[in-house]
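*Asks:* The primary structure of each chain is shown beneath.
2 protein chains.
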Amino acid sequence: MKNEQLIKQLGLEVRRRRLDSGLSQEEFAEISGLHRTYVSGIERGDRNPTIDIVFQIAQALRCSPADLFGGDEE
Amino acid sequence: MKNEQLIKQLGLEVRRRRLDSGLSQEEFAEISGLHRTYVSGIERGDRNPTIDIVFQIAQALRCSPADLFGGDEE
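Line by line, the protein sequences give chains W and D.
Following our numbering, the numbering of the first sequence begins with 1 at its first residue and continues without gaps.
Following our numbering, the numbering of the second sequence begins with 101 at its first residue and continues without gaps.
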């Protein structure tokens, strides 16, 4: 799978888990310490975050970094 | 776990899988399309790569991105 597709897939997973947590983008931005527009860009697959940001997102979603890459579907 | 520890853990996992594949850092750098010193920095946990680089590394190691974050140990 191409990198762009993987980045889009990550964004969809972040969005899915955020919604499952009942959080708006504003609430999630506050919890994760990221700007709302950055969260929106990640969910659309328009950003290429560094892994420390991915760790920050996983922590805010109370999951492991591996979970964000489909790690729990294996 | 703090981000620095997670980044160090990722580096150790990349190193472990590279050695398991019988690849030197030079060979792995060539396969992954990254510079050898960058590979060395990632393995030491001194770099904060963007996720597209992490995908590139996973592809070169023939594993999933989740595997690099301990995804296959669950």
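These are computed hints drawn from the structure, not numbers from a lab.
Incorrect hints may appear among the rest.
Stated by the list, open to error - Distance condition first, Cα-Cα at most 30 angstroms in a straight line; then the derived DSBU-like pairs of lysine-lysine: (1) D:Lys108 - W:Lys8; (2) W:Lys8 - D:Lys102; (3) D:Lys108 - W:Lys2.
*Asks:* State for each hint whether it applies.
*Replies:* Hint-by-hint comparison with the structure:
1. D:Lys108 - W:Lys8: 26 angstroms, holds
2. W:Lys8 - D:Lys102: 26 angstroms, holds
3. D:Lys108 - W:Lys2: 26 angstroms, holds
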